[in-house]
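Per our numbering, the sequence shown starts with residue 1, numbered consecutively.
Accuracy of the hints is not assured; some may be wrong.
Said to hold, decoys possible - What follows is a set of in silico ranges between Cβ atoms, one per label pair, in the way DEER data are often shown:
hint, residue 1, residue 2, range
1, Ala94, Ser228, 31 to 37 Å
2, Ser111, Gly286, 22 to 28 Å
3, Gly305, Ala168, 36 to 42 Å
4, Gly305, Asp154, 36 to 42 Å
As the list claims (entries may be wrong) - Listed below are the simulated DMTMM-like cross-link pairs for lysine to aspartate or glutamate, each with C-alpha atoms no more than 25 Å apart in a straight line:
hint, residue 1, residue 2
5, Lys219, Asp195
6, Lys208, Asp84
7, Lys219, Glu295
Everything labelled a hint here was simulated from the structure, so no lab data went into it. Where a beta carbon is used, it is the ideal one built from N, C-alpha and C, also for glycine.
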Amino acid sequence: MIVKRKTGTGPIKKITCFICIILTVMLITGCANRGGPTEEGGGFPSSCASADARETTEASENQMILSFINIGKGDAFLLKLPEDGYYLCDTGKAEDYPLISRLLRQKGVDSLKGIFLSHGHKDHTGSLEAVLADFPTECIYLSAADSVTYESIDVPALAAKYGARLVALSGGEALQLGAAKVQVWIPDKLYKKKDNNNSMVLRFCYGKTAFLMTGDMEKKAEARLLESGWEISADVLKLGHHGKTDSTGKEFLEKVKPRYGIITGSREESPESMNEEIAGRLKECGVQAFYSEGEQLATDFISDGTSVWTEKVEAAEQ
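Whenever a hint applies, use it, and build me the whole structure from the sequences.
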């Protein structure tokens, strides 16, 4: 981690040496019990602050945290799963990579356990190669059924190039990742025209809480999902297709019963995402809406397994 003076006082000399040894041991022990630099400041905390830091770290390790990265029209989420590690849910557009990378670095992420891709459109996969190049990734998860939306990106080739394992998921699968469970739903029909409906839907469950990620799913796939009887209740809903009116039907929203709704769109880049119809529906159902608006780098949705709350993530000075 970090000239002798002759006297005739032998016993005193021994006592003095003994005291020096004790003080040295105490000093070393004190240093060993200190934590590293705090997030807010660059210095070392006091022993009390060190205990607080340990408690914060332990609490964070027992939390599921979804970071909604503020990239405008595009999907990119950092997900921390308890007792496991970090994942991305989609990777936004190519031009979004600086913001994605900035959040990951600010969170102390230098590698990923996996990347989940809802489908292959460029506003969901655009930064995939850049992420793989800078953040060693164990696995890339995608739909085994979607042979339509990945025409403009060769995910298997990228996985091979950067040493990531490609995992094709089927509908009805469930993955146990640390203390969280991931349920997978994939439509039983391949949509060639309305290909947003091929989006892989993921429900991340931790304790009594859940986050539902729907990619660009539109109302046709929503109807099939409702018919399937699949459990879709969630505390946090990532609205399909950037919150446009061709998604998030009333019946679907009432079935999910979310407390928070995430819309990956902004007034500047996708004004259709800010429509009154969906905003009114969310309000009617008591859902607090979050858009890709504001100056924050991201918004964190945090679960301790019992309850969910939000925190803004401001960009740290570079």
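Item to check | Hints violated by the structure (listed by number, smallest first) | outcome: 2, 3 and 7
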